[in-house]
Amino acid sequence: MGRVARVQLAVILGFVAVLELLTRTGAINRLTLIPPSAMAAHLWKMLVGGELDAPMTQTFANVAIAFALSVALGFAGGVAIHGLPRLRRLSDPLLASYYAVPFFVFYPLLIAVFGLNRWPLIAIGVVFGAAAMAIATLNGLDRVPRVLRKVARAHDLGWAEETFLIVLPAAAPHLFTGLKLSLAYSFIGVVAGEFILSGSGLGHAIAYAYDSFDNPTMYALMLFVVALAIALNATLHVWEQRLLARRRRQ
Amino acid sequence: MTAETGTLRARLSGVTKVFDAGSRQNAVHALGPVDLELSAGEFVTVVGPSGCGKTTLLETLAGLTSPSSGSVTFEGDAVAGKVPRGIGIVFQEDASLPWLTVWDNIAFGLRRLGTPADDIRARVDYAVSFMGLGAFATAFPAQLSGGMRQRVCIARTLVLEPRLILLDEPFGALDQQTRLLMGDEVLRLWRETRATVLLITHAIDEAVMLADRVAIMSARPGRFIEMVETGWPSSRSSRMVEQEAFGRLTAHVWSRLRGEAMKALGRDGEAAGSHHG
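Order-wise, the sequence lines are chains F and H.
Just so you know, our numbering puts 20 at position 20 of the first sequence, and the rest follows in order with no gaps.
Just so you know, our numbering puts 9 at position 9 of the second sequence, and the rest follows in order with no gaps.
Quick caveat, the hints were computed from the structure, so don't treat them as lab data.
Remember, predicted model here, so these are calculated numbers, not experimental data.
Every residue gets a Cβ at the ideal spot worked out from N, C-alpha and C, and that includes glycine.
Treat the hints with caution; some may be incorrect.
To be verified - Selected chain F positions facing chain H (in silico; Cβ < 8 angstroms):
| hint | residue |
| --- | --- |
| 1 | Arg143 |
| 2 | Leu148 |
| 3 | Lys150 |
| 4 | Val151 |
| 5 | Ala154 |
| 6 | His155 |
| 7 | Leu157 |
| 8 | Glu161 |
| 9 | Val167 |
| 10 | Pro169 |
| 11 | Arg242 |
Working from the sequences, and respecting the hints, build out all of it.
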């Protein structure tokens with residue numbers, strides 16, 4: 001573990017320790033916040049008791065589907081926009097202001113289109129995740145050095161060979177960033193959608209606990225979602241760093 | 001040098017290149033007309049002011065760009081739209097593939113051609129050793145200096161055993177000392193492969209040191225204003241720079257080039273004056 005990572009970990013652990021101290025001493029009212037150790041203990045109890053099996057399965061499945069669709073649609077969209085200058089001129093301002101649109105307001109419309117099932121939530125996840133992937137794909141394709149395309153021509157590569165042997169590997173760091181962001185946005189879209197609009201899933205479980213004044217469950221679930229998001233991001237970050245280490249000057 | 005030395009390898013006849021700059025701007029006449037014949041086994045350097053069309057000339061000869069008029073042939077066949085087998089190109093920019101090791105970079109073209117694995121191993125190992133990259137075969141380009149990365153690109157071209165090697169200012173980003181030493185490497189490669197070499201450069205000393213013939217180009221649109229025969233032996237090296245004849249030739253090339261360089265800078269009046277000075 002590097003020095004920066006150690007400092008980051010120390011800051012997080014220090015923050016948790018301060019919260020623990022403040023909640024245990026009563027400086028923070030337990031109706032407002034329970035000690036982190038109590039959150040962890042309650043979460044463990046819920047996990048062991050199987051209480052989270054159903055919401056977890058539903059949320060993870062929705063996120064996985066939303067992520068896969070986001071990557072596929074975002075990548076295809078990025079490639080299309082990159083290859084069609086007119087489409088690019090049209091879509092650039094839209095992509096630049098994309099995340100300013102409150103997509104949750106379209107949930108009723110999505111229910112009308114897809115029905116009262118998991119697909120409106122997945123659609124929200126896709127709407128959030130696909131743009132990140134499309135933007136990253138565009139960035140990656142824009143930054144493939146022209147000289148590498150000349151290398152492809154010098155080796156008489158066909159379109160498919162150029163794409164798979166030169167363009168995609170050259171754009172890989174940006175595409176990887178797209179994957180990372182797309183996963184994060186899909187996760188946010190699905191969980192936030194469940195929180196606000198759904199009758200099931202982890203997001204809904206947090207909202208239900210909140211409405212029921214069930215602080216231990218609410219905080220345990222919040223801890224679970226945050227820990228999950230951090231774990232996913234950290235895994236992808238480590239993978240990304242390994243990929244980039246080869247390309248970075250030492 | 002070889003049995004076929006003197007036979008025609010490549011020819012440009014009346015080649016021009018005009019770039020269409022779009023409906024709102026005038027077209028850019030970048031090159032020509034130029035005529036050039038490259039014989040088998042000779043080393044020709046092209047030197048000219050910035051923006052005179054040197055790279056366009058190389059890319060036209062390689063088949064990377066089509067001429068606006070005129071014809072390009074390689075070993076008697078028209079070069080049209082694609083790089084013919086037998087022509088190897090080394091670019092000015094770092095063209096190593098950062099996701100591949102040095103060894104895999106060099107093997108890239110051979111794998112694409114479906115060369116048997118044993119043959120690939122033998123040829124790549126030889127190229128790695130020939131270019132002095134033995135200790136770095138498993139390294140990634142990012143771990144190498146600029147000069148070493150350019151060696152990787154040269155090796156990648158070398159393993160394909162090209163009969164015509166085109167080098168586009170391959171040492172442009174390197175310091176003077178490294179450039180002279182890389183020049184020695186290229187001369188060694190030329191003697192070893194017996195290929196025809198066309199090297200584009202803006203460095204007069206490099207052009208004179210390396211070449212059998214130095215082609216001097218005018219300011220844009222680039223045309224050949226003189227072809228200088230150096231008369232160097234094929235065993236030449238960077239030690240040529242110590243010789244008096246090298247100084248004379250370099251001075252001569254500069255005297256022809258200075259006016260063109262001034263024109264390229266937009267100082268035509270001074271350029272005209274310099275011819276009489």
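Hints, verified against the model:
1. The restraint placing F:Arg143 at the interface with chain H is violated, with a minimum CB-CB distance near 12 angstroms, outside the 8 angstroms limit.
2. With its C-beta approaching chain H no nearer than about 7 angstroms, F:Leu148 sits inside the 8 angstroms limit, and its interface hint holds.
3. Hint status for F:Lys150 relative to chain H: holds, with the closest Cβ pair at about 6 angstroms, below 8 angstroms.
4. Taking 8 angstroms as the C-beta cut-off, the interface hint given for F:Val151 holds, the closest approach to chain H being about 5 angstroms.
5. Hint on F:Ala154 holds. Least Cβ distance to chain H is approximately 5 angstroms, under the 8 angstroms limit.
6. For F:His155, the interface hint holds, the least distance from its beta-carbon to any beta-carbon of chain H being 5 angstroms, beneath 8 angstroms.
7. Contact between F:Leu157 and chain H, as hinted, is supported at the beta carbon level, the nearest pair being about 7 angstroms apart and thus within 8 angstroms.
8. For F:Glu161, the suggested interface contact is upheld, since its CB lies about 7 angstroms from the closest CB of chain H, less than 8 angstroms.
9. Look at F:Val167: its Cβ only gets to about 11 angstroms from chain H, farther than 8 angstroms, so that hint breaks.
10. Annotation: F:Pro169 was flagged as interfacial toward chain H, and the flag holds, the nearest CB pair being 5 angstroms apart, inside 8 angstroms.
11. Using the Cβ-Cβ criterion of 8 angstroms, the hint placing F:Arg242 at the interface with chain H is not satisfied: the shortest such distance is roughly 12 angstroms.
Figure legend: structure checked against the earlier numbered hints; hints not met, in rising order: 1, 9, 11.
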